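S.K.: Okay, here's what each chain looks like letter by letter:
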Amino acid sequence: MNSIRTVIKFTFLNRFRSKAFFIITAIIALVITLGVNLPVIIEKFSTDEPVRVGVVQEGLPDAAMLSEYFKANPGSNISIVLFSAGTDGQQNDGYLQSEMDAGKIDGYLYYKSEYQVVYKSENPLELGLKERLQAAMQNIKLQSDLKTLGISQDAMTQLQTPLILDIEQVSDTKNAKTESEMMMAYVFVYALLFLLYTGVLGYGNMVAMDISGEKSSRVMEIMISTVSPLKQMFGKIVGICLVGLLQMLIFIAVAGANLSIPQNKTIIQDLGLNVSDISPALLIYFVIFFIGGYFLYATLFAAVGSLVSKTEEVGQAIMPITFLIIAGFMTAMFGLTNPNATFIVIMSYIPFFTPMIMFLRIGMATPAFWEIAASIIVLFLSILGMGWLAARVYRTGVLLYGKRLSIKELRHAMKSLQVSK
Amino acid sequence: MYSISLNQITKHYGAKTVVNQAEINIRQGEIFGLLGANGAGKTTTMRMVLGLIAPDQGKITWFGKSYTDQLRRAIGYLPEERGLYPKIKVSEQILYFAELRGSTRAQADKNLKDWLSRFNISEYYDKRVEELSKGNQQKIQFIAAVIHNPQLLILDEVFSGLDPVNVELLKATIKDIQAQGTTILFSSHRMEHVEELCENICMLHKGNTVLEGNLREIKNTYPRERVLLETDQNVNGFESLTGVTDVQKSGRKYDIRISDSRVAKEIMALASNQAEIFHFQIMEPSLNEIFISKVGGVNE
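Protein chains in written order, with the working numbering: chain A, 5 to 425; chain B, -13 to 286.
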């Protein structure tokens, strides 16, 4: 019988052809495009001109050195504008203030006390400006202090030679990850976790809405007399899953296309990331865990949706499932930095959390293959179990209208409303 | 062989008995009336006939066999609570239902167009259901039940919400479908519809069968207690005849209640002495009256 195919097709096409699908997909694609291009856009819009910092030549010791320092480091994006001293400090302050008002400088530095410098500016502090100024002044202070202490130039160079620290992950398996790989894995796993979370939540919601919608419009009466509840439920779940996969594919394609624009490519390289460090196995695991997670939660959503007579009540009814997904996501966020913590390892075997947490472990740590296999087997067995239970609740739920049921009442109804075989 | 046979069917919901030892046999090609007030057990009985729920006791057979999944394709159902997808085009959802019940898309599309033109609503093929009036939604709902040419058609309160013109249209349609050999299980509150369409009936009251069998025979077992009379002049003295219990007069029309059908002759004699008789009829009890006498309550 191909009635399940008919249900899948109908569910898929109705979602796919709806205006809502088109609008939401377009909006999210636009957001992704913006997000990916944001660094380039910011760069385009931010003035290439350095921040002009006014300094009174005599007001700050080593003002000339500071000016030299920034000239030697154009990357820090600061230029020092030197002014001649007036009669007293207060007057200098006022003078620089008036220069700033005239738009000749963006801000100015002056000594408050011996070890306290103040930077005054009308603009909100540009990101990292304080750090850059401080680093420069600290550096100059150190050099002048060392000079005062009589340290030779060679010794000074030696003192300032930085130590290089490289991070390399070691594990019992051979596939240790380099820093770039780990960085890339972090970004990638984070992005995919987010997709997994929003996908399972969003499409699961859709399943519940669709089913309770059929119930509230009473199409359900015709549907259950036309096709078996089991086929109807799984047809719907699969149909929406296909819509979800299609949408995800569109998003991933949009993100990929944007990332391959030359300007964006250089930015990724500037960040020390290398796209080729993404392991293709991770993508395969993503698909497995997305489908597994979706099916596990979708059967739950379907069961709950079948018990609700009005679509307005769906949000409230699915709250517990929503919390379960949020809990999984939060744990995964924590696990990103602690993938080997004991409770993360334990939670990766609990089927409701497996999709996110085992996926995270695969991405960020190196679980043994048997661990991955075991968690996937547990996950798919749970899907079968949940599917069986949900189908029983479903075929009872779709016949019941009116008040919300307690679990006891539901069990009673499940017994008395048994569908003939 | 019966199309549907319910043999001593009992169904409980918890401690409540919803259907008690129902015995219904429906021959192929007949229109069978299932009657009862609200809460009498009609919907539960229909759901059992649809195979949605199983009886606790007793046995149901469809065309002589037990339930199989294939039966869904042989059954058409018009539920009391109307339900269509509000935001989906008429054609799309009707074809969906037809496909689910095993029709090919092309055949179903042809059927749908025939049905729409028969109901004079061809222009709704591409409209969304929510754009249609209640009455037209009802017609679409009816088409959804018959699009796959079912062998067994279950109609729950099919006429509710329709204007008189459309009631007549639908009645004629139902008779046509029956003439093609389809078995129809029909439920209604409106006894005049049942009287007009059904040959056999089953009347339920609080889950119990209070009347079952051939409508004609059932009626014959009830005494004829009503005389309708129309004359050219006023006639007096009906009240004084023994056996007359009530006289209602409107213009020169009389509606006389009697306790014994033999009194009818005396009424005739009395009337013909005083005036010319245009119309004289000894009424058989209406199903409505039988229903009220059996169920006791108000016919809702």
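Please note that the accuracy of each hint is not assured.
Claimed, not checked - Heads up, simulated BS3-like pairs for lysine-lysine below, C-alpha to C-alpha not over 27 Å straight-line:
| no. | chain 1 | residue 1 | chain 2 | residue 2 |
| --- | --- | --- | --- | --- |
| 1 | B | K113 | A | K412 |
| 2 | B | K96 | A | K314 |
| 3 | A | K13 | A | K314 |
| 4 | A | K13 | B | K113 |
Derived from the structure by calculation, the hints contain no laboratory data.
Quick caveat, the model's predicted, so the values are computed rather than measured.
S.K.: Against this structure, judge whether each hint is valid.
M.R.: Taking the hints in turn, this is what the structure says about them:
| no. | hint | verdict |
| --- | --- | --- |
| 1 | B:K113 / A:K412 | violated (44 Å) |
| 2 | B:K96 / A:K314 | violated (35 Å) |
| 3 | A:K13 / A:K314 | holds (25 Å) |
| 4 | A:K13 / B:K113 | holds (21 Å) |
In summary, the structure is inconsistent with hints 1, 2 from the numbered list given earlier, while agreeing with the others.
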